[in-house]
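Full structure from sequences and hints, please.
Chains Z and D, in that order, give the protein sequences. Read in order, the letters of the first sequence are residues 356 to 876 in the working numbering. Read in order, the letters of the second sequence are residues 222 to 719 in the working numbering.
Derived from the structure by calculation, the hints contain no laboratory data. Watch out, some of these pointers could steer you wrong.
To be verified - Computed from the model, here is a short list of chain D residues facing chain Z with C-beta under 8 angstroms:
hint	residue
1	411
2	627
3	654
What the hints assert, rightly or not - Straight-line C-alpha distance at most 30 angstroms; calculated DSSO-like pairs for lysine-lysine:
hint	chain 1	residue 1	chain 2	residue 2
4	Z	467	D	592
5	Z	520	D	651
6	D	651	Z	525
7	D	592	Z	520
8	D	651	Z	467
For glycine and all other residues, C-beta sits at the position ideal for the given N, C-alpha and C.
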Amino acid sequence: MNHCMSTHILTFLVFAPLFWGLLLLALPNRLALLTKYLAFIGSLGIFVIAALRLIPMLDSGSILFSERAPLFTLLNIPIDYHLSLDGLNIWLILLTTFLVPISIAGTWNSIKERPGSFFALFTILESCILGAFLANDLFLFYIFWEAMLIPMYFMIGVWGGAERKYAANKFIIFTLAGSLLWLVALLYLATQAGSFSPEIMAQTAMNLPFSKQCWLYLAFALAFAIKIPLFPLHTWLPDAHTEAPTAGSAILAGVLLKLGGYGFLRFAIPILPAAALHYAKPLAILAVVAIIYGALVAMVQQDIKKLVAYSSVSHMGFVMLGIASFTLIGTQGAMLQMLNHGISTGALFLLVGMVYDRAHTRMIVDFGGIASKMPIFTFFFIIVTLSSIGLPLTNGFIGEFLILNGTFVSGFTWGRVAAIVSVSGVLLGAIYMLWMVKRVFWGPENQEPKSGTAHLTSDLNIREIAVMTPLVILIFWMGLHHVTFTGASEEKINRMLDDIQAPPARTLLLNAPDQAQHGAQ
Amino acid sequence: MSLSPNETAAILPFAIPAIAACLIPIASLDRDHTSKKWIRVVIFCIALLALGFSFYYTVRLWESGLQPAYGYISMDRLAQFAAFFVFVSAAYTVLQLWDHLRQEDWVKGEILALLLFSSVGMLLFTATSNLILLFLALELFSIPLYVLTATVHARAKALEGGMKYFLTGAVASCCFLMGIVLLYGMTGSFDIKIIGFELAKNNSDPLVLLGAALLLMGFLFKVSAVPFHQWTPDTYEAAPHPIAGFMSVATKGVALIALIRVFASCIAQNANIGNRMQTAMIVLAVLTLVIGNFTALAQTNFKRMLAYSSISHAGYLLLGFIAGTNEAYQAILFYLCSYLLMNLGAFGVLSAFGLIGDNTHFRNIRGLGWKRPGIGIAATICFLSLMGIPPTAGFFGKYLLFKELILQGHISLAIIGVLASLVSVGYYLKPIMAMYMEPSQDNSEPVIAPMSGATVLVSGVLIILLGLLPGSLLSGLARPSIQEGLITAVDTVTVTIE
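What follows is the structure in structure tokens.
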């Protein structure tokens, strides 16, 4: 293997989109079409390179790449340029690089005004997201974490819907509220540890009094919970999702929210394990509330996009529950659920965008009987819906099953109750999705001349089919052979759980360790 | 009288702009000069050349490592840093005035002369350890600013603003002078190092405490910290845009640099007084952060918003004094550098978009980000930096201050600080929203203001550069300024005795 190249692949992944995006930003508005093509080709190229370089690493067991160089020392605290790729983030990296070209192709004609600038920002956003996923120095992570707000803010604020300014401001202020308080905790830990390296911070944190650890963990958790978003900090999400242009919603739901869950697994829990265990119960309760509440609110939505947005709250609640279970199955389920949600909700937003581009409305009442007018569209929508509901054979089922299983067998006393209550979330999920499908797709055609259905004159074109096909393939692949996606993170999570000394999983009803081993094979 | 090379070196950075300031009114004697472009070019060139030459001379001084002195004037590293700071701010202002005065149709050479005199005063303010000279320098840079504020009387509130600034400034000067008198009376010296030495020996007399407090008030007035801030918004609104930017950056900056000198080598030498002053500063910093930010949130006038935001930045800078370590002073200097770039960039937007008279509301810049993409992006970078979003210079300024604050155990203050910057996001987003997210009022072509536009662009680029390489500024400029420039009282007095 060419060693030199392999050590710089991470830097390439982070900064290639940035430079590409800056280049595209410099192109004038009249070259918008060229900019779009260049953005698509560039992001596709990055995905291909990432896939070619990273997928072979999946088999090699413990991985992977790491790049480290001192960046600068500010007032006695060194800051490292430290990127690393391991089982925890490899699939998230692939998901990000995959979703960007998909979103660009999926919303090719949706952006009417200044599409060039939009897609340039989109590429820059990809760079920030990849940087945050790969950063293994908390200062570096923080910089990417905050920097990604800027392109996202403009994407919502400039190209969004009617309430775009409100949504964009709410998005940025909510996220900053969490991350600024987290910065204080981070600086406290850094001044104690003399470093921003997570390993050194973890050692320092161990020696702090427990009450301090708890405060620090709460600050970490606040930042990540807002991003996930966990009830009751979720209110920015429906606005941002609904107002953002389709590609923005897809990447927001598909990738940005994952940073919250990833932050817990990568930083919050390993650095402050004792406090994480201490707060497992409240987080799990909030997660259960999010699951139920998100589903109930989704049920009454009039706007399809808003419905999908609230379903995100519910689905990301599952992720939080899986993380809070502190079992291997539950955490792996959470990892898988993050990927699932990225694929299926990303796909749902793209589909909603496709119908919106044709009908210029997203209200459920404006539709009815789409199925006969757009059979191909209906086909894709139903598959993605079923995946979102969690039908067996699709990815949604595996993720939710693993999480519920993990929660049920977890050593916590509340585990079983939480699992049982959360199951109703799956049920509610089926209700709101299928009810929406019934009203929008089935039944007689909406005959009103001004209705959305009347405007649907064309089914999906080749481009849109080409966008949806890989997503559908992934939905089934993940449903049928989830080990491809969970195998990489198993070792890492196992080690993390060993360090935490979480209560051992019960083995009464389901033989949890066996199953996990079975999963790994 | 002949000067030794060392003495010449010490006063040359003052002399060059002062001589140029005397030349400019001669060049603009012609009463009809507004119509003659070449005269305008000449006077602006004189001003820029003088600033550039002084800047270059100070760079040479810095590189040689000399810290020359002449009498009570000492161009040590801290003063050299201040010289960079003042000359760059003044050059920014001159460039922006080039466009702004033409837009206001009021080109007079005197304005540049006053600006240069003010710069000399500012530099002197930071380069002396004698309290009498400090007071003279304070007046030397303040009085031209009072005049400059009222200078464009086409603006309705110009005279009112100038008068307000003058009256409140006079009160502050009185406080400052009274503080000097009390300190002199109690210690028998005007030299801050000797005063510091005396203070370190004695327990605090209430009169000394009063003197120190009055002196501090004088400084805080210039820094525009709450509750000495009321003059700020009106004065800034009345002043020509570049002058407002100059006041917000240079006045605040030199007041803080001089305060570092006085505080570290004099007031803080007595633990008791130092602690009391620190307590007072905690209260004032919190008040400044809260009031500055929340009042800024309520503004619809872009320029007034910038005025209130500059008050809130005084709050962050005061946090550095509360930490009070050498590292914290370095953080203050770093913050000042970033503040210079981002705030002069932000004020430059006003002239770059050609907002004249009182038309400085957010609605006046609607849609201009798309019409002038370069300035729009650079201005956005300035605002993001003012918010403190990485990877900009403003983020690192806040980061360093908060880090030192936390290291000294003031965690609650750090939390207040970050929450204040969260509030600041609310109003710094307003100009960004206006520039990009609101449709423009008309289809007229935006004003072309080449010099102001260039200053904004340079700011944007430098902010990003500084955000990518913060370490070089810190170790190259801020650390030597503090470590070599700031000699505390005990050191020098010991040396003198030996």
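So, going through the hints one by one against the coordinates:
Hint on residue 411 of chain D is violated. Least Cβ distance to chain Z is approximately 34 angstroms, over the 8 angstroms limit. At a threshold of 8 angstroms, the smallest CB-CB gap from residue 627 of chain D to chain Z is about 5 angstroms, leaving the interface hint in force. Proximity of residue 654 of chain D to chain Z holds as hinted, the smallest CB-CB distance being about 6 angstroms (cut-off 8 angstroms). Taking the CA atoms of residue 467 of chain Z and residue 592 of chain D, the gap is about 18 angstroms. The hint holds against a cut of 30 angstroms.
Proximity of residue 520 of chain Z to residue 651 of chain D is assessed by CA-CA distance (about 10 angstroms); at most 30 angstroms being required, the pair is judged to hold. For the hint pairing residue 651 of chain D with residue 525 of chain Z, the CA-to-CA distance comes to about 13 angstroms; that is within 30 angstroms, so the pair holds. Distance restraint check for residue 592 of chain D and residue 520 of chain Z: the Cα-Cα separation of roughly 20 angstroms lies within the 30 angstroms cut-off, and the hinted pair is therefore satisfied. A distance of roughly 24 angstroms separates the Cα atoms of residue 651 of chain D and residue 467 of chain Z; the hinted pair therefore holds under the 30 angstroms criterion.
Comparing the model with each numbered hint stated earlier shows that hint 1 is the single one that does not hold.
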